[in-house]
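Visitor: Chains as they are written, first to last, in numbering that gives the first Met the number 0: chain A, 0 to 425; chain B, 0 to 425; chain C, 0 to 425; chain D, 0 to 425.
Hints were generated in silico from the structure; no laboratory data involved.
Any given hint could be a false lead.
Stated by the list, open to error - In silico DSBU-like links for lysine-lysine, alpha-carbon gap of 30 angstroms or less: (1) A:1 / B:369; (2) A:31 / B:6; (3) D:369 / C:42.
Unchecked claim - Pulled a few chain D residues facing chain A out of the computed Cβ check, cut under 10 angstroms: (4) 14; (5) 17; (6) 227; (7) 235; (8) 269; (9) 373.
Cβ atoms here follow ideal geometry from the backbone N, Cα and C, with glycine treated the same way.
Protein chains: 4
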Amino acid sequence: MKITPDKISDFNKNQGDSYVAELDFLKNRCAKQDVSIDDIVSKVADFQVAVPSWALGAGGTRFGRFSYGGEPASLEQKLDDIGILHALTRSAGAVSLHIPWDIPKDIKAIKEVAASHEIAFDAMNSNTFQNQDGAEASYKFGSLGNIRKDSRNYAIQHNLEVIKIGKELGSKSLTVWLADGANFPGQANFQTALQNTENSLKSIYNGLPEDWKMFIEYKPYEPNFYSTIIQDWGTSFMLANACGERAYTLVDLGHHLPNTNIEQIVATLMFKGKLGGFHFNDSKYGDDDLTVGAIKPYALFLIFNELVYGMQNNPQNPNLAWMIDASHNTKDPLEDLLQSLEAILIAYAQALLVDQESLKVAQQENDVVKCQEILQDAYRTDVRPVLKAAREKSGAAINPLQVYRSFGVRDALIKERGSQTKATGL
Amino acid sequence: MKITPDKISDFNKNQGDSYVAELDFLKNRCAKQDVSIDDIVSKVADFQVAVPSWALGAGGTRFGRFSYGGEPASLEQKLDDIGILHALTRSAGAVSLHIPWDIPKDIKAIKEVAASHEIAFDAMNSNTFQNQDGAEASYKFGSLGNIRKDSRNYAIQHNLEVIKIGKELGSKSLTVWLADGANFPGQANFQTALQNTENSLKSIYNGLPEDWKMFIEYKPYEPNFYSTIIQDWGTSFMLANACGERAYTLVDLGHHLPNTNIEQIVATLMFKGKLGGFHFNDSKYGDDDLTVGAIKPYALFLIFNELVYGMQNNPQNPNLAWMIDASHNTKDPLEDLLQSLEAILIAYAQALLVDQESLKVAQQENDVVKCQEILQDAYRTDVRPVLKAAREKSGAAINPLQVYRSFGVRDALIKERGSQTKATGL
Amino acid sequence: MKITPDKISDFNKNQGDSYVAELDFLKNRCAKQDVSIDDIVSKVADFQVAVPSWALGAGGTRFGRFSYGGEPASLEQKLDDIGILHALTRSAGAVSLHIPWDIPKDIKAIKEVAASHEIAFDAMNSNTFQNQDGAEASYKFGSLGNIRKDSRNYAIQHNLEVIKIGKELGSKSLTVWLADGANFPGQANFQTALQNTENSLKSIYNGLPEDWKMFIEYKPYEPNFYSTIIQDWGTSFMLANACGERAYTLVDLGHHLPNTNIEQIVATLMFKGKLGGFHFNDSKYGDDDLTVGAIKPYALFLIFNELVYGMQNNPQNPNLAWMIDASHNTKDPLEDLLQSLEAILIAYAQALLVDQESLKVAQQENDVVKCQEILQDAYRTDVRPVLKAAREKSGAAINPLQVYRSFGVRDALIKERGSQTKATGL
Amino acid sequence: MKITPDKISDFNKNQGDSYVAELDFLKNRCAKQDVSIDDIVSKVADFQVAVPSWALGAGGTRFGRFSYGGEPASLEQKLDDIGILHALTRSAGAVSLHIPWDIPKDIKAIKEVAASHEIAFDAMNSNTFQNQDGAEASYKFGSLGNIRKDSRNYAIQHNLEVIKIGKELGSKSLTVWLADGANFPGQANFQTALQNTENSLKSIYNGLPEDWKMFIEYKPYEPNFYSTIIQDWGTSFMLANACGERAYTLVDLGHHLPNTNIEQIVATLMFKGKLGGFHFNDSKYGDDDLTVGAIKPYALFLIFNELVYGMQNNPQNPNLAWMIDASHNTKDPLEDLLQSLEAILIAYAQALLVDQESLKVAQQENDVVKCQEILQDAYRTDVRPVLKAAREKSGAAINPLQVYRSFGVRDALIKERGSQTKATGL
């Protein structure tokens with residue numbers, strides 16, 4: 000199943016979408032505020048989000064999993080799926096590989112497949128939270144922070160191996176998510192575990208190529224339910240500082256305690272030049288890994304407001320590694336990802352619409368009512384015409400989900416691959 | 000300070016707002032979906048939200064309070080303030096009195112002031128969480144659920160007195176919010192406290208005029224920090240059933256534990272014909288009493304989606320008693336209320352936009368992606384032109400906040416009343 | 000591996016435990032308070048908790064599972080494991096079966112195995128949250144509350160089948176835990192789903208033998224992450240009332256939103272005669288299913304305080320169906336269950352120690368400080384001598400965990416069953 | 000009202016408490032573990048907790064306050080109240096002053112009163128969350144982090160003034176709790192606010208005498224309900240590092256989001272040598288400021304377990320500034336403080352009982368079950384005999400609360416001071 004630019008272009012034409020007139024309205028309205036809709040369209044068109052290789056099949060919970068037909072059975076097929084997303088949106092131009100689930104057997108062949116879809120290799124992900132068959136050391140009681148040296152070393156070696164594969168593919172960064180922690184009070188000594196983790200991370204950092212970055216993820220709980228070694232941004236930030244300049248914190252939207260003000264964390268990290276990566280999803284209760292924007296779209300906008308501000312004012316941060324990190328328990332994974340991409344770009348466009356100059360003045364005057372009006376004015380604006388313009392500009396489908404369904408993509412995939420395949424991943 | 004229809008009409012004319020063209024766009028888009036924007040405009044124009052008499056001055060926290068100038072010093076002045084809100088929006092046509100803070104000295108005079116502003120008397124509120132000077136019994140350890148009979152009886156009598164005042168004013172309902180609970184384990188026997196509360200509520204219910212309704216509010220914590228007798232909707236619903244047909248549950252958006260699915264509670268109560276009242280505010284952590292829509296506007300929309308569905312499908316419920324129950328710690332209280340009214344009407348209009356027929360079909364087919372698309376399509380629509388049309392239709396200001404500021408209302412109030420007045424309330 | 004009374008008795012004798020002197024101290028202290036330690040010893044000795052058939056192997060999370068050696072591979076072996084627990088403690092004299100994981104092939108043989116261990120068959124559990132191979136209808140979008148009639152009927156039939164198996168085994172109750180809900184707003188109509196659920200539960204209730212009870216479990220989230228049909232005790236209570244007298248609510252300690260006051264829910268349900276079953280575990284974040292008492296032992300005590308009060312004052316409730324519902328991700332499952340049993344009996348003994356008469360007086364006098372002192376005095380007492388006496392009295396091991404380790408039970412099981420078996424379950 | 004050592008000694012004698020025999024049992028049991036009960040008794044006897052000057056009267060909530068009779072009306076009377084606590088317990092030998100509530104008029108006289116009660120002056124507290132009459136700049140929109148320079152400078156000057164007063168009294172540290180934050184998204188620029196706060200803190204730090212320490216408190220919300228500048232330990236730690244060596248983080252138990260693992264934060268800060276102060280209280284929902292140990296005594300024990308470990312292994316931390324920071328909404332404030340002191344010392348004694356050597360071995364072997372057993376063995380031990388021995392040793396009452404009631408302290412205070420006094424504070 001390959002979706003060519005021609006097919007999309009034809010579909011766009013026949014659709015007769017009226018977004019252009021709506022966009023003109025928006026331009027007129029914004030003209031008063033010294034905000035350029037054309038600039039926003041360009042920025043939205045340029046925005047690229049990586050898709051992780053494990054997110055193309057059905058996800059599940061500890062209570063089970065309901066399979067979805069046509070799941071990719073190989074890394075090539077996963078790249079093909081991302082290729083479909085990218086063709087439809089021109090926003091999904093990168094893959095984030097997860098090792099050992101997606102070790103490429105033939106590097107050159109894989110690079111060619113990726114290139115054929117114009118997909119880059121973004122951050123590499125290691126996995127030290129599961130034991131693989133024949134593993135020489137166990138991660139049951141931890142990996143980089145394990146009290147046993149053999150497990151720590153084994154996990155360090157695995158990360159170095161991931162870097163090696165990434166180098167061959169052209170990736171430039173490593174994401175370390177550490178499930179290490181404890182299920183019970185007393186199980187681990189907090190200080191020892193933290194010290195071991197810091198030492199292990201430094202060992203990996205020392206093996207990092209000079210043009211690579213390392214992202215340290217944090218998470219308060221799950222799969223451990225009493226404590227997690229890197230439980231919050233503060234711990235990650237402390238560890239990144241200990242490692243060195245090219246170590247950064249990675250924020251995953253689902254990895255916070257109830258009611259956390261995430262946008263403030265984002266602002267703090269960007270202020271300090273230590274925000275490196277960003278994982279999108281949405282949640283109501285915990286790390287629910289739902290479609291981006293499905294539950295708290297205003298929080299997503301507020302976070303993007305800080306990201307946009309930081310990208311404009313804090314040049315000391317690297318280009319952020321954006322990735323969708325969701326689980327598709329109920330929906331067609333590709334449709335789910337299309338909805339996530341849409342929500343991301345909407346929040347981004349709305350954040351770009353914020354009248355930063357007026358906001359600054361209102362903040363200086365403590366005009367709280369006006370501050371709120373300025374943010375909400377941007378948020379309440381229907382920016383979907385902006386996304387449509389951006390997509391048409393870059394050769395994508397004006398309405399990607401509609402095209403996906405019209406083209407019968409899922410049925411074609413099931414026909415090709417069968418209904419019983421199961422993608423590697425969670 | 001009185002804002003006349005003429006002044007508003009003049010301002011509207013000179014403003015040259017372009018909303019009409021935007022509204023036409025919306026009409027065209029919706030025409031395809033068998034949704035009538037004109038109907039929505041009418042419904043939005045008809046929607047009335049009560050303003051509580053205690054919410055016109057600055058609020059505070061246990062850490063203190065920062066006064067706001069020009070606060071109303073009497074019930075008459077409070078009605079004048081609501082009159083300003085109603086003149087500007089035609090959506091705030093009711094007051095909800097709080098006794099004993101706002102006992103009218105001259106019923107007839109007060110009714111005349113209210114009538115002059117076209118303000119009705121909505122639900123009456125009793126207060127049994129504070130001791131008044133000279134009180135014959137103490138509420139320190141509870142009121143309707145107190146273990147001591149004298150305190151229970153005193154609280155029952157107070158509620159009957161509130162009903163009496165309400166009858167004279169033309170109100171038709173009583174809201175009972177009970178702070179009763181315990182700060183420490185063991186302090187109270189849960190079963191005894193619940194039984195006492197049920198008996199006391201029945202005594203009040205028996206004193207209710209035949210054309211009155213009683214609303215029972217629930218709240219998990221604060222001002223008691225271990226337990227609250229009516230801690231959740233389940234307890235309120237159980238008590239309302241025990242009292243009788245004209246007893247209903249009242250939902251306050253801020254009165255829930257973290258992550259509660261409030262829209263589901265709303266749907267359940269409407270399904271059972273037991274939703275009576277609704278208090279608007281917003282919150283991030285607890286009962287924060289912030290401006291409506293300031294934190295979680297999508298949740299507000301989802302709740303309105305259930306309210307609209309219920310109003311259309313569950314005739315066994317009464318007309319809901321809507322009220323804004325927010326605290327104004329930082330903003331000009333009147334501006335804060337204008338922002339709340341705006342957010343309420345936006346969520347209401349968006350909910351009215353939901354294509355219920357298509358949604359039903361998609362739900363039947365378990366097309367989860369489409370279900371989400373339908374809701375989000377309504378939510379992402381910029382419905383502010385609808386509100387503007389509704390307001391112009393009913394003689395209100397197209398842009399109420401702008402008019403409020405242009406007319407220099409706050410300055411005028413400070414001039415009239417001084418900067419040191421303090422409204423009764425929290 | 001069979002642990003005989005003789006072996007235990009011998010071990011007890013050689014141990015020379017000094018608990019008798021400690022118990023005498025306790026008796027002297029309590030003599031002043033009109034509390035009989037001997038009575039408490041008897042009650043503790045009589046207390047029986049069911050072990051679910053799925054909890055004898057290693058548990059896992061969506062991120063994976065670390066196997067434990069010697070897991071039972073059949074229902075017979077599961078009963079053998081519970082037999083070990085019961086021999087060591089004389090407190091685990093019941094099994095709670097989960098169908099279809101543990102459908103007995105030969106009813107008579109299974110009953111004999113159970114009888115040989117003196118294990119009764121407590122509540123039966125149905126499973127409608129996973130699709131089984133060859134299923135005629137899917138539970139992907141729900142079971143009893145599914146919008147499709149075929150899935151609802153299939154789930155009803157499954158429950159009736161579970162009752163049938165239970166009847167043959169001698170069970171007298173059915174536990175229904177419903178995972179039904181939605182991952183996304185809009186996915187399901189709340190009112191329709193609730194109505195369907197109520198109707199389905201009534202169909203099952205109508206198929207219940209006259210001497211059976213039905214327990215309706217509730218849970219706020221997981222495996223659905225937006226809404227769950229039976230989200231709280233209020234919904235379960237409402238449904239139980241709709242079904243009839245022999246339908247009750249079941250409380251699982253892990254199934255609550257953050258900060259919920261569970262003991263108050265227990266008190267309310269007992270007051271209304273509607274508490275039927277109780278699932279023990281502990282948690283810090285969500286439904287973590289940790290060892291009972293591992294995180295919040297004081298909350299467990301407060302809950303037991305209400306349970307004891309209810310058992311003494313609310314005869315309208317049935318004998319509660321107690322069960323441990325924990326997951327063993329890290330520990331030896333049998334050791335984990337031994338620790339859970341210990342924590343349950345400690346909390347029970349402490350609750351029995353509460354001086355109810357003095358507490359009632361202190362509550363009547365609003366002597367909050369004394370109320371707390373009374374509860375904490377019971378809680379701070381080291382009641383382990385009581386448990387030891389109760390166990391010795393009933394022929395169990397004074398120190399079960401010590402005996403388990405001394406006898407090398409796990410090694411023996413691994414020897415018998417191998418290290419690669421995997422018990423059915425989560 | 001003065002409680003002399005003689006009176007206490009007499010009461011102790013007549014009481015005939017049987018704790019000595021219980022203590023002997025404990026000694027025998029612990030002898031096997033290489034833990035010395037005598038050492039623990041000594042450490043418990045030496046432990047001193049400061050009482051804040053604002054905590055001797057009734058507290059309240061935003062919904063009101065119920066006065067308590069006999070509240071201290073002056074700083075002298077507050078010291079007298081702490082004197083009573085210290086005489087009864089010998090554990091409350093310090094006061095923590097809050098300025099401007101408790102500016103001493105006559106330094107020398109105040110020092111004499113304190114000395115007469117053997118009370119030291121612990122950390123000084125500034126207050127920049129309320130405007131005082133005649134204030135030259137407003138804290139309504141923040142103090143050290145205010146966007147306006149005049150408010151920032153005013154707040155800096157206030158802190159320097161507090162240091163000055165503290166120097167005269169003999170205090171050696173300053174606690175800065177900053178309420179600064181925002182009630183609404185957009186109200187403040189996170190980066191600017193953080194930068195301003197850092198600069199202001201540095202200004203204060205530069206004014207710190209060389210032998211002084213500065214403690215930076217954090218809190219996620221309240222009195223601001225959208226964001227707080229110093230929202231978590233990570234932010235406080237970052238700011239303390241920016242200020243310098245003598246700046247430390249202060250942990251208040253109530254200042255965390257739901258489900259936070261506080262003991263891990265404590266361990267991290269001690270590991271890094273940056274834990275300076277500690278505020279005790281307990282809570283179920285938010286910053287409830289309840290009696291220490293009233294809700295989560297096991298969590299308190301786990302925290303003390305880390306504190307004890309840190310005190311033994313991390314000499315780079317200063318002697319911690321311990322303080323009770325609770326609000327007395329329901330109980331007699333002095334009785335409430337006595338209960339808090341009891342709970343603190345119980346947790347401390349239990350933590351000292353932990354067999355650290357065995358725990359280390361069990362952790363090394365990943366014997367999770369044994370790790371839990373070791374902690375719980377200490378926690379389940381009734382250590383009240385240890386406290387009694389420690390108190391008798393130091394000349395305090397064996398049972399302070401009993402003595403307080405027997406001596407009729409509250410009645411005497413009401414007689415002396417009247418029933419209408421109101422202590423300054425919240």
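Visitor: Now tell me if each hint is right for this structure.
Guide: Structure-based check of each hint:
The suggested pairing of residue 1 (chain A) with residue 369 (chain B) holds, with an alpha-carbon distance near 24 angstroms, which does not exceed 30 angstroms. The straight-line distance between the Cα atoms of residue 31 (chain A) and residue 6 (chain B) is roughly 26 angstroms, inside the 30 angstroms bound, and the hint therefore holds. Distance hint between residue 369 (chain D) and residue 42 (chain C) is fulfilled; the C-alpha atoms sit about 28 angstroms from each other, no more than 30 angstroms. Evaluation of the residue 14 (chain D) hint against chain A yields a violated restraint, the C-beta minimum of about 36 angstroms exceeding 10 angstroms.
At about 32 angstroms, the closest approach between the beta carbon of residue 17 (chain D) and any beta carbon in chain A exceeds 10 angstroms, and the interface hint on this residue is violated. A cut of 10 angstroms between beta carbons decides the hint on residue 227 (chain D): the least distance to chain A is about 8 angstroms, and the hint holds. A distance limit of 10 angstroms between C-beta atoms decides the matter here; for residue 235 (chain D) the minimum to chain A is near 9 angstroms, and the interface restraint holds. A hinted interface residue such as residue 269 (chain D) counts as satisfied when its beta carbon comes closer than 10 angstroms to some beta carbon of chain A; here the least separation is about 7 angstroms, so the hint holds.
Restraint check, residue 373 (chain D) versus chain A: the minimum CB separation of about 6 angstroms is within 10 angstroms; hint holds.
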